[in-house]
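Colleague: The sequence shown begins at 63 in my numbering and counts up by one.
Among the clues, some could well be false.
Cβ-Cβ distance ranges computed for the label pairs, FRET-style [unchecked claim]:
id, residue 1, residue 2, range
1, 121, 148, 31 to 37 Å
2, 98, 128, 31 to 37 Å
3, 139, 97, 39 to 45 Å
4, 135, 106, 23 to 29 Å
No lab work stands behind these hints, which were simulated from the structure alone. The structure displayed is predicted, hence computed values, not measured ones. Cβ atoms here follow ideal geometry from the backbone N, Cα and C, with glycine treated the same way.
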Amino acid sequence: MPAKKIAPSEPLIDELIKHNIALEKVSLELLDSMNKMTCRMDRMLSLFEEAAKNIERAEKLDEKPLAKQISDLVEQNKTIARGLILIERFVRDKTSIGFSSSNLQPKSLPKTNLQ
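Model the full structure from these sequences, guided by the hints.
Modeller: So this is what it looks like as structure tokens:
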């Protein structure tokens, strides 16, 4: 028994055409976005390449290379961090002097004669 061929209806064909056109529009938008992203990535890459050239040129001119300057900054940041930690400990010690666990317990109110 041969398979029956069903003729597609006009509304179905119109709907498929609309979806196909919408899909093509979305595909074009995606392609455009990808092209824009590629251009931005190319510009970013050229920026990094230019920065690397400038750093290399600056290291040749300076007696102190950039790596050494960065290392010095890291050491300065460590020193500042140690100082901040000491200040924080000092402040914490000074503010906790007046508080003890017995002071923090709730106390009952005194009884009064209100008769």
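Colleague: With reference to the structure, classify each hint as holding or not holding.
Modeller: Hint-by-hint comparison with the structure:
For the hinted restraint 31 to 37 Å between residue 121 and residue 148, the CB-CB distance of approximately 36 Å keeps it satisfied. At roughly 33 Å, the beta-carbon separation of residue 98 and residue 128 lies within the given 31 to 37 Å, and the hint holds. Between residue 139 and residue 97 the Cβ separation comes to about 42 Å, which falls inside the hinted range of 39 to 45 Å. Between residue 135 and residue 106 the CB atoms are about 25 Å apart, so this pair conforms to the stated range of 23 to 29 Å.
Going down the numbered hints, you'll see the structure goes against none, and every one checks out.
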